[in-house]
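J.: Sequence:
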Amino acid sequence: MPESTIPALLGRYRPQHVIGRGGEASIFRATDELLGREVAIKLYRSGGEEEMAQYRTEQAALAKLSHHGIVSLIDAGIDYTSPKDPRPFLIMELVSGTDLAATLAQRELSLEEIAEIAYDISEALEYVHANGVVHRDIKPSNIMLVSYGTTTFRARARLTDFGIASGIASVPSQPDEGKTTGTAAYLSPEQAMRQPATSASDIYSLGLVLLECFTRTVAFPGAAVESAMARLEHEPPVPDGLPDEWTGILHAMTSSDPAARPTAAQLTPVFREAVISAAGLQQRV
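So for the sequence shown, my numbering puts the first residue at 1; every next one is plus one.
Please note that a few of the clues may not be correct.
Derived Cβ-Cβ restraints for the label pairs, each shown as a range [as the list claims (entries may be wrong)]:
#1 D240 to E38: 42 to 48 Å
#2 D75 to S277: 40 to 46 Å
#3 R107 to R45: 29 to 35 Å
#4 S46 to R107: 47 to 53 Å
#5 L232 to S82: 40 to 46 Å
#6 E273 to A223: 34 to 40 Å
The calculated lysine to any residue pairs, modelled on SDA-like cross-linking and capped at a C-alpha distance of 25 Å, are [said to hold, decoys possible]:
#7 K84 to S46
#8 K64 to K84
#9 K84 to G23
#10 K64 to A130
#11 K84 to L35
#12 K84 to A105
#13 K84 to R12
#14 K64 to I78
#15 K84 to E38
#16 K84 to E112
#17 K64 to T81
#18 K64 to L35
#19 K64 to E38
In short, the hints are calculated from the structure, not lab data.
A virtual CB, placed ideally from N, CA and C, is assigned to each residue, including glycine.
Please construct the entire structure, taking both the sequences and the accompanying hints into account.
T.: Here you go:
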């Protein structure tokens, strides 16, 4: 069905225009005609087996999770306007801002901004992991930098896209063994070896994201297989000239040994202190 002919979903969510596209879905700005507010619709391209599995996973994960560091789920359903091509959709909170990938492509980040992103996402992952969920696809394009339109509050980093998350009891388990899950450039070594992803895998991926925040280059570039295999040969280089505490944190987060990586619960207070140190303003956290 052409996107221009998509009707109001569930009788109330009317799509306006596309604001983003991914491999499996398009994101629309939309109007909730019942409450008169703006929302976002994540509309999957088809109701095939893979798309339905991702839809069920993300719906279940977001329904289970409620945290200020995660873009919230409002509603969900399946559009049967075309009976032969049902399309699942998620109604999401509409946030104002850009994703981290787009921001890094445009400009350098200050040490304070990097510390704030690290703190926000670590805190979100602490909550996610405490609820038994592993995101499995931490990368810059899945981190939104949300602006609140005022200088009183800083922009907040918020985690999106739980389409391949694991640990959702209401969704049939999909074994990781023998299958690579995630985005090649940000995989943990265990994911690259097609082993099950754990909370430590998310920490490794976040470590690569934070390295990229400092360098604006991908630690393991190249084609998918080349990129995935490179981390099995060596740990990512941490640039010289960083504050000592950052050097130690990044080395620990990107250790090839999952057991040697800190947990999100351990990292959150460390990054909170990094924000205070970088900003000199405790009240901003």
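J.: Please go over all the hints and tell whether each is borne out by the structure.
T.: We went through each hint and held it up to the structure:
no.	hint	result
1	D240 to E38: 42 to 48 Å	45 Å, holds
2	D75 to S277: 40 to 46 Å	41 Å, holds
3	R107 to R45: 29 to 35 Å	32 Å, holds
4	S46 to R107: 47 to 53 Å	37 Å, violated
5	L232 to S82: 40 to 46 Å	44 Å, holds
6	E273 to A223: 34 to 40 Å	39 Å, holds
7	K84 to S46	10 Å, holds
8	K64 to K84	30 Å, violated
9	K84 to G23	21 Å, holds
10	K64 to A130	12 Å, holds
11	K84 to L35	31 Å, violated
12	K84 to A105	40 Å, violated
13	K84 to R12	23 Å, holds
14	K64 to I78	19 Å, holds
15	K84 to E38	30 Å, violated
16	K84 to E112	51 Å, violated
17	K64 to T81	28 Å, violated
18	K64 to L35	23 Å, holds
19	K64 to E38	23 Å, holds
In summary, the structure is inconsistent with hints 4, 8, 11, 12, 15, 16, 17 from the numbered list given earlier, while agreeing with the others.
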